[in-house]
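So the protein sequences, as listed, match chains A, B and C.
Quick note on the working numbering: the first sequence kicks off at 1 and runs consecutively.
Quick note on the working numbering: the second sequence kicks off at 1 and runs consecutively.
Quick note on the working numbering: the third sequence kicks off at 1 and runs consecutively.
Among these hints, one or two may not hold up.
To be verified - Listed below are several chain A residues computed to face chain B (Cβ distance under 7 Å; list not exhaustive):
| no. | residue |
| --- | --- |
| 1 | Met-11 |
| 2 | His-12 |
| 3 | Ala-86 |
| 4 | Val-97 |
To be verified - Subject to a maximum C-alpha distance of 27 Å in a straight line, what follows is the list of computed DSS-like cross-link-like pairs (lysine-lysine):
| no. | chain 1 | residue 1 | chain 2 | residue 2 |
| --- | --- | --- | --- | --- |
| 5 | B | Lys-114 | C | Lys-73 |
| 6 | C | Lys-59 | B | Lys-114 |
| 7 | C | Lys-59 | A | Lys-59 |
| 8 | A | Lys-7 | B | Lys-7 |
| 9 | A | Lys-73 | B | Lys-57 |
| 10 | C | Lys-73 | A | Lys-57 |
| 11 | C | Lys-82 | B | Lys-7 |
| 12 | B | Lys-7 | C | Lys-7 |
| 13 | B | Lys-57 | C | Lys-7 |
| 14 | A | Lys-45 | C | Lys-7 |
| 15 | C | Lys-114 | B | Lys-114 |
| 16 | B | Lys-82 | A | Lys-7 |
| 17 | C | Lys-114 | A | Lys-59 |
| 18 | B | Lys-59 | C | Lys-114 |
| 19 | A | Lys-73 | C | Lys-57 |
| 20 | C | Lys-114 | A | Lys-114 |
| 21 | A | Lys-73 | B | Lys-59 |
| 22 | C | Lys-45 | A | Lys-73 |
| 23 | B | Lys-59 | A | Lys-114 |
FYI, nobody ran anything at the bench for these hints, they're computed from the structure.
Where a beta carbon is used, it is the ideal one built from N, C-alpha and C, also for glycine.
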Amino acid sequence: MIHRHIKTEIMHRVVEYNGVLYFGGLVAEDCSQDMKGQTEQICKKIDNILAHFGSSKEKLITAMIYISDFSQKSGMNDSWLKWLHAEHLPTRATIGVANLGENVLVEVVISAAK
Amino acid sequence: MIHRHIKTEIMHRVVEYNGVLYFGGLVAEDCSQDMKGQTEQICKKIDNILAHFGSSKEKLITAMIYISDFSQKSGMNDSWLKWLHAEHLPTRATIGVANLGENVLVEVVISAAK
Amino acid sequence: MIHRHIKTEIMHRVVEYNGVLYFGGLVAEDCSQDMKGQTEQICKKIDNILAHFGSSKEKLITAMIYISDFSQKSGMNDSWLKWLHAEHLPTRATIGVANLGENVLVEVVISAAK
Numbered sequence: 001m002i003h004r005h006i007k008t009e010i011m012h013r014v015v016e017y018n019g020v021l022y023f024g025g026l027v028a029e030d031c032s033q034d035m036k037g038q039t040e041q042i043c044k045k046i047d048n049i050l051a052h053f054g055s056s057k058e059k060l061i062t063a064m065i066y067i068s069d070f071s072q073k074s075g076m077n078d079s080w081l082k083w084l085h086a087e088h089l090p091t092r093a094t095i096g097v098a099n100l101g102e103n104v105l106v107e108v109v110i111s112a113a114k
Numbered sequence: 001m002i003h004r005h006i007k008t009e010i011m012h013r014v015v016e017y018n019g020v021l022y023f024g025g026l027v028a029e030d031c032s033q034d035m036k037g038q039t040e041q042i043c044k045k046i047d048n049i050l051a052h053f054g055s056s057k058e059k060l061i062t063a064m065i066y067i068s069d070f071s072q073k074s075g076m077n078d079s080w081l082k083w084l085h086a087e088h089l090p091t092r093a094t095i096g097v098a099n100l101g102e103n104v105l106v107e108v109v110i111s112a113a114k
Numbered sequence: 001m002i003h004r005h006i007k008t009e010i011m012h013r014v015v016e017y018n019g020v021l022y023f024g025g026l027v028a029e030d031c032s033q034d035m036k037g038q039t040e041q042i043c044k045k046i047d048n049i050l051a052h053f054g055s056s057k058e059k060l061i062t063a064m065i066y067i068s069d070f071s072q073k074s075g076m077n078d079s080w081l082k083w084l085h086a087e088h089l090p091t092r093a094t095i096g097v098a099n100l101g102e103n104v105l106v107e108v109v110i111s112a113a114k
């Protein structure tokens, strides 16, 4: 049984199947901030959405992190590691890409257990 | 139990595990078309492959959409949203990347429920 | 129940959930090698990690392969196909990206059945 949640114009932000919450790509609301700030915003968004499902950041499984300015990778890393407890870190890959949209420095795609 | 389907030289196009159909990257056959046209072709491919498994576009879970020309993103979007009913939209992330192969403007990686 | 394995500074290399082993991004140790050599190193890493869980390359489900020099794609392909038996090939997508870190030509993200 597929459960879809939080519909936007182009997607459902979360699709649930077999106990896994699959997320669409999350970007910051305020893209005037640097990568550290944009990542902080994304982490807060994840907290809010997961809380909605009775899940939390302790249940992250995977994270794909796409960044459009590799030189700011450490800023993303700082926010990410400040947000998560070491024992609950998900898997991760950070990929430097060409374009995520105007001023979008980082986009995160996660999956989590419900 | 892993079930593998539609073998090519380099992959199985679909691998099935625990009720999820995981797809390899799909690109258009005719890459002389623009992003809108290439996306339409990919959507038809997905329909055909899913039908093979008794699944359908109503059962999509996730979609990763890689595009090599961000300026044509709206063309991809048009084809994608024309193809899918609003209530069945999967999660999605659109990532602007450097290179998908000669003239390949868009590549789609999906998962679906069986 | 989520099981996390092989902790690094920034992630768990493997997170296990519902019988699936999700891997973080794997890169070569020696990035002075070309894409063919780097891919060989990654394949060996995957073998070693999977063996740890009583799994093996025969149980790969998906592979996302990010490459930062598309002109060397055939080198990646050679190593990948030499490593895997045709009947066990997972799904795959190869995405040409902007930057994977200094001298990193290829990064692989896989999932496997336990």
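Non-conforming hints, listed in increasing numerical order: 3, 5, 8, 9, 10, 12, 13, 19 and 21
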